[in-house]
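Residue-level listing of the chains:
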Amino acid sequence: MSKEPKEPLFSKKNKKLVTEPLADNNPITVQVLGICSALAITVQVNQAIVMSLSVLFVMMVGNVIISLLRNLIPSRIRIIVQLVVVAALVIVVNEVLAAYMPDISEKLSVFVGLIITNCIIMGRFEAFAMANKPWPSLIDGFGNAMGYAILLIIVSVFRELFGSGTLMGYQIFGDYIAGNGLYEYGYANNNLMILPPMALIIVGIIIWVQRSRNPSLIEEH
Amino acid sequence: MKFLEKILHKNESKFEKGGKLEKFYPLYETLATFAFTPKLVTTKGSHIRDAVDLKRTMMTVILAMVPCLLFGIYNTGHWAEVAETGNRALDYWSNCGPKFLTGLTVVLPIIVVSYGVGLAVEFIFAMKNNHGLHEGFLVSGMLIPLIMPADVPLWMVGVATAFAVLIGKEIFGGTGMNVVNIALTARAFLFFAYPTSMSGDKVWLSGNEVDGVSGATALGDLASFMSDKPVFESLAAYNSEYSFCESFFGMIPGSIGETSTLACLIGALILILTGVASLRIIATFFAGGFVMGYLLNLMGGNPYLDLPACYHLVIGGFAFGAVFMATDPVTASQTATGKLIYGFFGGVVAILIRVLNPAYPEGVMLAILFMNVMAPIIDHYVVQANINRRLKRLKTT
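Protein chains in written order, with the numbering used here: chain A, 1 to 221; chain B, 1 to 397.
Treat each hint with caution, since some may be false.
Here are some, though not all, of the chain B residues that point toward chain A, as calculated from beta-carbon distances under 7 Å [stated by the list, open to error]:
| hint | residue |
| --- | --- |
| 1 | F192 |
| 2 | A193 |
| 3 | Y194 |
| 4 | P195 |
What the hints contain is simulated information worked out from the structure, not anything from laboratory work.
We put the beta carbon where it would ideally sit given N, CA and C, even for glycine.
Could you build the full structure based on these sequences and the hints that come with them?
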């Protein structure tokens with residue numbers, strides 16, 4: 001059995017695992033996975049950040065666990081094993097949030113629990129962690145979770161800013177009730193921004209911009 | 001006309017390839033073909049000679065909208081005066097000229113903004129994609145002002161128009177490729193984005209509400225029957241405020257161009273006679289509304305449910321939606337049977353939303369958008385049914 005040459009920790013290949021999901025292979029805009037949560041919890045930046053951190057944790061730890069177990073998991077029941085791992089991690093996240101950030105946990109409600117069904121996580125387990133060593137899996141988990149996080153935060157910035165005139169809960173456009181700041185000049189909060197359809201439209205516009213900048217992403221018909 | 005032709009002809013070289021103003025060719029092309037039939041002739045294949053092209057069709061629709069527009073301007077002027085004086089009992093036909101002028105000062109800016117913003121977006125895309133300015137917006141640009149409440153802020157009209165043209169149309173590939181009606185997209189945008197000024201229960205929000213003019217539309221008053229605090233005590237009281245005749249002629253507050261069922265019917269006549277709009281859709285849309293209204297009558301229970309079915313057809317934007325919105329050839333069903341189903345359910349859903357959902361006093365917009373989305377499915381099943389029928393016939397013989 002020949003031994004493979006040892007790879008440096010941050011080889012080119014590993015770096016690519018982080019950079020690719022951020023843009024050209026973004027899990028949301030290119031692979032179009034995990035859309036449901038992107039639509040549901042992007043009303044406020046706070047929620048988006050907490051959600052991103054939760055996914056980051058579940059994704060990285062889960063990827064490592066699956067990668068460590070990859071040779072032990074019988075392939076016929078692998079999906080169930082993956083589910084058990086992700087469910088256990090999500091329960092941990094949920095309990096931590098409920099203990100330390102009760103208000104945000106309440107707002108995120110079922111969506112933290114629904115990380116279990118997030119296609120990005122199952123997709124990475126299946127496509128990457130099942131076939132790679134723990135270290136690259138960790139990096140891959142980080143990259144994909146960050147790709148998810150970036151999009152969530154971009155969408156939520158637009159939605160919170162134009163929908164409620166705030167960012168992370170701070171008044172940006174002035175106070176709506178007092179009517180100062182931009183409100184004084186006739187700015188009115190756009191309610192559509194708070195409704196889920198607008199998240200879909202914003203994600204759509206981001207995909208549009210991304211594809212017109214990088215035509216290689218456009219599928220052939 | 002000769003004079004215009006001369007000017008266009010003289011400047012043509014400037015806009016053609018290599019000319020000084022090459023970039024603005026789409027603009028020139030639009031103006032030239034707007035006035036005269038294009039000089040381009042198909043060279044290959046069989047083709048039909050017809051003076052009617054897309055621009056001529058669109059102009060017919062605009063023409064059909066003129067009665068609605070003129071009446072809308074007058075009606076707006078009348079209610080502006082009512083809002084100003086606070087006298088609800090103001091004689092409708094007195095003081096015609098000044099009322100029309102007041103209406104004009106309200107309506108004209110909305111039309112200008114709608115066309116300006118919409119055409120600007122279209123023009124950017126036309127230059128970018130190197131094609132002529134499409135004529136689709138000619139109609140949408142006129143429909144948008146007609147379905148706006150009269151005192152809608154102009155910036156809202158602009159934002160909504162830009163949104164509708166961009167998201168409703170250009171994203172799908174421009175004129176003829178849109179899934180849902182552009183003008184209704186604009187209204188739906190405002191409806192959800194700024195619900196306080198668009199929900200269809202009030203116009204003249206900024207009006208003089210303290211002096212006994214609530215600014216409510218017939219629909220808003222009717223919807224209050226569904227709540228605990230109705231505006232009117234009974235249907236008879238409602239009837240004295242908005243009689244059937246007044247509603248039919250459009251002498252009631254409402255969005256700019258939609259109040260007059262008579263004007264809409266004149267438009268419908270023009271559209272049907274010229275073959276632009278489908279009689280099937282218009283007729284079944286009214287039929288669907290009537291049937292649903294009648295079913296609600298049977299159900300009964302409160303004055304709104306007891307409202308005679310024919311009333312439903314003359315209040316709100318029902319007639320306007322049936323004539324100008326549902327018949328949009330791009331978004332409606334294409335098959336003959338499909339049109340019947342499409343129109344009928346459009347009418348049914350419109351009344352259903354209007355009556356049973358107090359949050360949405362005006363259901364026509366949502367009903368038509370809903371049916372727009374359903375149209376391809378309807379067509380699919382109609383075509384499949386036809387294929388199956390013919391296959392069956394083939395087998396039996």
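Now for the hints, and whether the structure bears them out:
1. F192: holds, 4 Å
2. A193: holds, 4 Å
3. Y194: holds, 6 Å
4. P195: holds, 6 Å
Comparing the model with each earlier hint shows no violations; every hint is respected.
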